[in-house]
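> Listed here are the chains, written in short residue letters.
There are 2 protein chains.
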Amino acid sequence: MAMIAPSRRLRRTPFSAGVEAAGVKGYTVYNRMLLPTTFRSMVEDYHHLKEAVQIWDVSCERQIELRGPDAGRLMQMLTPRDLRGMLAGQCYYVPIVDETGGMLNDPVAVKLSEDRWWISIADSDLLYWVKGIAYGYRLDVLVDEPDVSPLAIQGPRADDLMSEVFGDSVRDIRFFRFGHFDFNGRDLVIARSGYSKQGGFEIYVDGSDIAMPLWNALMEAGQKYDIHAGGPNLIERIEGGLLSYGNDMTMDNTPHECGLGRFCNTHTAIGCIGRDALLRVAKEGPVKQIRAIQIHGDAVPACDRLWPVMAGSKRVGSVSSAAWSPDYKTNVAIGMVRLTHWDEGTDVQVETPTGRQFATVHESFWI
Amino acid sequence: MAMIAPSRRLRRTPFSAGVEAAGVKGYTVYNRMLLPTTFRSMVEDYHHLKEAVQIWDVSCERQIELRGPDAGRLMQMLTPRDLRGMLAGQCYYVPIVDETGGMLNDPVAVKLSEDRWWISIADSDLLYWVKGIAYGYRLDVLVDEPDVSPLAIQGPRADDLMSEVFGDSVRDIRFFRFGHFDFNGRDLVIARSGYSKQGGFEIYVDGSDIAMPLWNALMEAGQKYDIHAGGPNLIERIEGGLLSYGNDMTMDNTPHECGLGRFCNTHTAIGCIGRDALLRVAKEGPVKQIRAIQIHGDAVPACDRLWPVMAGSKRVGSVSSAAWSPDYKTNVAIGMVRLTHWDEGTDVQVETPTGRQFATVHESFWI
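Sequences listed follow chains E and F, in order.
For the first sequence, my numbering assigns the number 12 to the initial residue and increments by one for each residue that follows.
For the second sequence, my numbering assigns the number 12 to the initial residue and increments by one for each residue that follows.
It should be emphasised that the hints constitute simulated quantities derived from the structure, not laboratory data.
You can't tell identical chains apart in this list, so a pair holds if it fits in one copy or across any two.
Listed next, the in silico DMTMM-like pairs over lysine to aspartate or glutamate satisfying Cα-Cα at most 25 Å (straight line):
(1) Lys-36 x Asp-315
(2) Lys-235 x Asp-183
(3) Lys-325 x Asp-220
(4) Lys-340 x Asp-315
(5) Lys-208 x Glu-62
(6) Lys-340 x Asp-358
All figures in this text were calculated on a predicted structure; none of them were measured in a lab.
The task is simple: from the sequences and hints, build the whole structure.
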């Protein structure tokens, strides 16, 4: 690991003061913004996430706001997922593809009302695509990045902590639904969602000025639940099969290759970009697909590039994320595997920078 | 400075093996790719850049390729700079704006032929904007990111080194022009350009497979010129007034605010996006503008956020990049200053994280 050179271009967040006070040790850069990844150590943070509750500065999940009479039409153009049944108050995971069906982002769409949406994005400047489409189609909609910074509360004690700060009704939010809650006289959207399998919430902090007051209130109320600052944990997200745009999928991949075919209602999502290409893919099926891959033997190094998945001398796939799992006592990994080798239990080998290791392809993830 | 967490999402480059062998100490992330910033130290690298010759892995200057009958039309839609007089073999610095005149990127356009262009981008996913516009306007053009990774040779000995590897005719390339040169039987575009004021070239390395052979050939031939690996140097680029997208300008700024009004031919660049807004700006003039700012007193810390520029209790601007200059023995900075205080020699104060320091606004940069 090397040092990261500071600059304004790698944007700080409204919670950076809290993150620094909590002793952040490592960052990644996500949407040109600092995303804290490590506080005590990746393994300590991992165990703690599964046992207690963590506060995550995920401001880097930037929002794209669509506002105006054509907001709903634009949102449906952007994704092959059929949005007709979606109600205000719901969050949908929506693959976004280009005209050839290549993944541009895999955000969560938040429907605030019929003519107002937020798109909570993964790591690519989706704003540029959305603005380009809105301009090219002369849609009557405003598209911009509002001053909204998500803060995640994740872990088994998340409900307990959140109810201390926002009241018991926060417990009633259903998965991928959101409600409006008051903090210091400000209305905040809170969703039951987040980038872990340990349960929790994402608070859409609308206005940088209340970011640190909210951080401090949660930290104080969380003392009795052993709260610590944390971040998306590489080990836990691989165990849970949570994909990462840019790591496990890129513009080269269709949603079907990413195992997201169930979110592509290409027959009914009328007007969506990429429909023709995805209809073809849906008909023929993908030739490679995301799989859980168990890598046997010693702990693997950090996966900072694709590792070939081999069947003897033939390449049959790539590993894109990998880590040693203390709980499962094996290396857990995410990769794409060709259809000849993607069945449950198929034996393969993975070429890591430290050598070739035996591995087994699985159809489901660990958590 | 914190550590950077490795992942595939922060892309390695075809030159990473060479960069690591050269002892890289710090990176930034640029276009979701690793950009080496420091080898020996920022100051050592700075002095060496001005005295000898450096090899820079600037793969992160990704290319967008436009190919097809509408390539030229699309290129002109993208920028308010009039491209009618531009010949194949020329490079143009082209501001790219949205419909409101907000800067989306400030790339260099490389005209390979009438129907084939590269856009060598700064730090934003301009590809998404270009693809969105091409799709929205149903243009007959292919838009993608080719496997082209620029390698820069910068410094006073750049011509000597390059002629050893590519022959003496490389010396004849004029500023912002390019030629085709052979390396190991491969045709490479080489331009006289680069992100320093020390002179040099950018080689558009077309095909990752020849990246390390070329790196090694240049390193070997460069021994007698004291070649070292380097990267865009913060101190030198501020002295030279080289702006950085994301640092010194963002989508909030017009080209006129960035001092790029001379690249906006809004009366003649027919069909360009943002024309209406920029005509208005050109007529009234901007109310704030990029300036060189000399910050007196002690060396300032790293500028990782906007620093207020004050006139007494009134905010009159922001500093976006700053560093101590060993050669000029003062802090050099780039910022935006309101028209009331942007005249040469105006005294202001800058609020750095370590306190308020006196400063002077200048109309021209140091180099």
